[in-house]
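Visitor: Here are the chains, one letter per residue:
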Amino acid sequence: MHLDWHEFSEEIAATLVGFHALGAAMNLGAAWRGLRGGGGARFRAAAWLALAALFAMFAAWAGRQEPPGLPNSIKTAIDAVLGPVTLFFGSLATLTVLFLGREFFVRPWVAWSALNAAMLFLGLSLADPHFAQIVLKPDNLPIVAMIFLLGFFTWLGAAQAVENDRRRREGQSPREKDFAEKTLVWPDLVYIELICMVALTTLLIVWSLLVRAPLEPPANPAVTPNPSKAPWYFVGLQEMLVFFDPAIAGVVLPSLIILGLALIPFLDFKTEGSGYYSIAGRRFGYVVFMFGFLQLWILLIVVGTFFRGPNWSFFGLYEPRDPHKMPLLENVKLAELFWTSWLGLPVPQPADDSAGLARFAAIVWREIAGMVVLFAYFGAIPFALARTLMKRHLARMGKARFTAMILLLMMMLVLPLKMLLRWTCHLSYVVSMPEYYFNF
Amino acid sequence: MRTSTETFYNIQRLHAIFAVAALAMLAVTVWMVAADHRREWKRYQRTFRDQIEPEADEAAARLASENPNLDAPSRSERAAPGPSRFTQWLLGLPLIDALARPLAIEQIWLPDLTIDYHFCQVARFDRCTTCHQGITKGWPEEIGGRLPHPYRPHPRLDLYCGPHSPHPVSEFGCTICHDGQGSATEFRFASHAPNDPRQRAEWRQSHGWFWNHDWDLPMRPKRFLQSNCLKCHHEVSELEPSSRFPEPPAGKLLAGYHLVRRLGCFGCHELNGFDESGRRIGPDLRLEPNVHEVALRLLADPKLEPTARGLAQRVIARPDDVAARRQLADALKGSPRPESRVLAGMLATENPRPGTMRKVGPSLRDVAERLDAAAIVSRIADPAAFRPATRMPRMFGMHEHLEGLGLESARRFEPIEIRAMAEYLLAASQPIASLEAAAEGPSAERGKRWFRLQGCLACHQHRDFPESQATQGPDLSRLAVMFQGPKAAAWLTSWIRDPARHSPRTSMPGLLLNMPSGFTSQPKGQQSAGEAGSPRVEDAAADIAAYLLSSKDGELPALPPLVESDLDELALVYLRTTFSPDVAARHLREGIPASMAAEIPPDAAELLGPMTPADRLDKKLRYVGRRSIRKRGCFGCHDVPGMEDAAGIGPALSGWGRKPQSQLAFEQVAEFLDQRQGMAEGGENDDSSFYREAVREGRREGFVWQKLRAPRSFDFRKASGKPYNEHLLMGRFSLTEAEREAIITFVLGLVAEPPKPSYVFHPAEPTEAIVEGRKVLDHYGCAQCHTLELERWTIEYDPTQFPSPPPMPEHDFILPKISEDERAASLKVDRRGLARVELVGMPQVDGQGKLEETEDDDGDPRYVFTLWEPAVIAGKVWPVGGAGVLVAPKQIVAKRPPRGGDFARLLYPVALAEAKAAGSTAAGSEAWGWVPPPLVHEGRMVRPAWLYDYLLAPRVIRPAAVLQMPNFALSPAEARKLVGFFAAAAGAEFPYDSDEGGRGKGRVAIGPKEIERMDRAMRLVTDRTTYCAKCHLVGDFSPGGEIRTTLAPNLQDVAARIRPEFLRRWLASPKSVLPYTAMPVNFPPDQRLGQDIFPGSSVEQLDAVMELLLNYDEYVRRRVSIRQWIEAAKKP
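Residue numbers (the working numbering), protein chains in the order written: chain F, 1 to 440; chain E, 1 to 1132.
Keep in mind that the hints were calculated from the coordinates and are not lab data.
One thing to keep in mind: the hints can contain errors.
What the hints assert, rightly or not - In silico SDA-like pairs for lysine to any residue, Cα to Cα no more than 20 Å straight-line:
1) K177/F <-> F8/E
2) K659/E <-> P323/F
3) K325/F <-> E667/E
Turn these sequences into a full structure, and let the hints guide you.
Guide: So, in structure tokens, the structure goes:
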């Protein structure tokens, strides 16, 4: 579909004016708050004022149907850089930096700056028709909102955890202990519930007046939509299908996720840092959970929603969604790599007339390299860890708990490892036994 | 309860937040109510109710009071007893308007006109009238037509929406014709479709319009509105203008339909009118089964048995003869030749609904008889170079989309393909012996005269005669350039004499060239005609051939040199589709072993047997040529020997109009348009910008547009990546922008979505006869010569000033019956005091064929209009056959040209001049009798049985005519359809039951009294001085004479030919039937003539002559005594 630039500018104008006006208003508010403070706050208030002016200027441009956007060179560069690998490692690196520098990043003005940066990026990008097409799709609006909400709540939790950690260091009790001795139902709770109700109703009415219900064409059993996307909360699962056999990605992994979440209270029985926000007290648990949630779940949803296009191909944010863009399918199985590339032999196949055990043995022989890898991964590595790095864990948790925990952990790590193997070595399956409906 | 004073939060602050939230909610609630109150359709309904409707009603009433000629429109029902203004105001207030319903969504429920929601038929709800409130209002055009949208009434209430139209809105709704989302109540969601970029921009401004890609059936843009007629009107020709709807109901669609028929799109693309279950889904334009080609192929086998040969010839002459076809298939079953068995299998294929269309190109089965390699090559390479208006598409040399490897291979292989195709055609050509030429040498000078007089120009153009613009047949101006072979002249002569002999399915008729013509005057020294019936010595066909081949302008380009390495490469490309690369190379080197004959595809047969250095090149050329012809589908238009088994190469188009747009392979066309064909071509309002946008947005109309314009451009940036063999193949036709749009309109209408049968158009019997007959008329171009509908002039006149018709004595039964209402209607005047009348007939023309102008008493110019139907003007009846109506140029409001007869009008001055040169003193109007006659009354005049025989085997009726009806080699079914058409078109009785049992109407039992009366009548008939025999041939008698322009039809055939009820009228007042006839009034009502021959009143005379003519056979039988013959024979 070719978009007319001029018509697009007309269509997007109202949205962009609203968006930039919102940015201006927010920064005006922040500046007003800052001006009432002193010292550094005043200095920062000037910065917010400048930002508010910038947003106001953008709003004015958008109103004249010349929406400010990123130059094409930058857009092309972003599209060129953003791939599955850079996204994965980029987000991992960002999370690591945020984690390590959390004392700095939880400061409100830093967070406010980050929010401004995100809004500027979004506002400037919305002037691109291809970006706008994806981000402003009525179905995707909740996901965009989710990203902001997620950022806010992650920041909120981290900020409180940092605060509690500081208090702990200074020998004070956590923040929650001070404030949450009792909560008054009347008037406090009932009143704020009422206010929330009114505000949310208002929000819903405004939403329904501004955005049409996302109705698509009448369903056609003969034509599947391309791409065919799961509901937003399952897009992450759908993304896993790229890397795993449907049985694994669709059944085993989701079951294990639920099982693992259910097991947390039994595996994590540490009382320290429990009942309030804290990082220092439960570093391992925090890191594992945040990695699993943000990196392995949210990131996959974001990739599936914003980066996957027709034929589930990977598209840049500013790239036209051309259904003719076909990924190069050159995936190999480990057995092929092992026998053909490394040993220079043909891949052994079970004889056509073989059956029963002999056939099974032949197939296992074919997949012998994968079998060894799997055994090493799920057997040898946990064993080695128990002896070395995680000695203390084993001692504290006991064998049964440790085994369950380490297997779940290894299973969780399968996902990023498999992704990396696919991106780097084009490896499709470590073990592939379609004869028995088993691929891993 | 006392409230606790202890709080955690700052309650004052919470109060403030609550207040803000509550106010915000109030505000958005008001916004919500306002948004509902201001919904688009409510605004439209309010405006219509309060402003538009009352004003329009008032204006219409004012107009009606000033102008009695117009029917006063009934006042709108809603306006009359409505609620008071206050109630209306109250009920219309915001929020209240949602409870009470002063304004409401109006919808039409159409359970039988379903929408296909993909395998699920859903009832249609059309809410269009919610906004289009005035759609059925019968306000006069000058009021309704000026209203803004959406209040404007439908522009064709006679055809649509109106309760008395064929498509009342309550039964048909809107979206069945217009498409769009009928259930929408907002402009932008109804999928309105702009007609051009200007409208698009306007709508975007005023309505926030956008293309809703989520609705599969956007409204048809105005330019394609007629497409949807095809949903129910499957025969298409029923959409021609008719007496009920003289304004063309679907002109563009019909134009597209005729173009598709003319260009033969169905040769490549199947246009099947039936689905698998045999249900009718749309226009059915399929090629007829090619059994005659199979039979022709069989005849080429010298070893064919004589019985089979006879059967094959029967099949060729009558392909619809099922019995002969089956017998032939049976006879061939045991044939030792595998090819014959394959052909037998094709003959044995039964098709319950065979196609009916003939291939549009000339047969190439005997092409070597007329063309040589250079001619074929130049014709294929660039058809338009030889004949700019050719129907043949350009297949080669379209390289504008190519680059790199694709361009290189096209440049190398295309000349090879062209050359190879020519060589194959020449090698496969099956000679058909030409007819013997006449003794006397041909003369180009005579030929030119024959060419003009014998009707060639009815179908063909020739630059010597620029006045003819016929396109039924090809332009013959430059035939000589092509026809250079040694046998070409003989072939052309033979072809003109009997085209069917060379191409059994040609629509070119066999001209009755050797029949005597009334115009015997030859160039000096060649006077050779004898009495009627004797053949001429010289051969007119040879003369015409000599004329056509006499002026040769231009030379064919020489054959380009053949690069054998490229030929080999192309042959390998083809062979590799069947064989592995090394086997293919071996076959090309050594030939395909004869033992493999049964396993290889038919085209590879050209390479069978060992290759010798002598035949190597020929064999390779023939193979490549045959493969190329098969690949490019030449057999879709031409009869190509060896391709009898081939099927059209293009995708089927039935249902294309609903092909999901996501499945259209636009490839890189949009880029091609931007880069190669420049945007400079069209500005904002140019038509092409509409289509360019359609291409960019991936819509169907853009796809067809580009396919017709640059069919290969879909290979842009793709050709280099695929083998030469897989390049796109569609050829480019020379079309104007309007023609292209007509074809697009037709193709978009092929939606294969017929509604319930009750909605599909099933014509009543007479209409069906007209629809069916029209197809035959169109195919053979009957209307080139014959006028099928007369000219119509609408004039405005002042009844007080208009002269009365001169009195004319007439029998009572001739006088037209006019009702008092009609008389009164002719006196009704409008505001300017003018009345209107429509005149049907022919305006008089002068010797040059120009409109004749006379002057009235005041010296003002006047045209003379000869009436063919009685007219009532100013309360007076103007009968047919009386004086012409004098019409001032400024009185003419509208002229509707006649349908058909272009050639007759072309020939009229020519015939007149020829007759004058031959010494005739006939009056101008009589010359109409020498040219092909109008057939408007044909159905009422002739007996169906006679017409049927005549159509199958035409013979001379009017010896005076310049040219005679040619023999079209109609099938009996076609002849039957034509007979039905003429009867239905003239409103005559059909089937004509009085023909039953061979005892026709008008026959009487002949007793002595009748014999005596007939004898007296016979004396009238045979009287040479005043009565019939003066002009008419009677039996073996001919009035003869040097100048035969007065010769009239033989009276012995009248009984079989003329319907009795018509004959009486004709005898009594010939001019009241045929205004131009030269036949005098023999039995005037007010005089008693010929009392010495037949004493009695004129009516008695008239009836006696009629009785005689109708019983001529019986009378003659009574009067001829065989005994006399025997007695005479006895005498020595």
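Visitor: State for each hint whether it applies.
Guide: Evaluation of the provided hints:
1. K177/F <-> F8/E: holds (15 Å)
2. K659/E <-> P323/F: holds (18 Å)
3. K325/F <-> E667/E: It holds: about 12 Å lies between the C-alpha atoms, which stays within 20 Å.
The structure agrees with every numbered hint stated previously.
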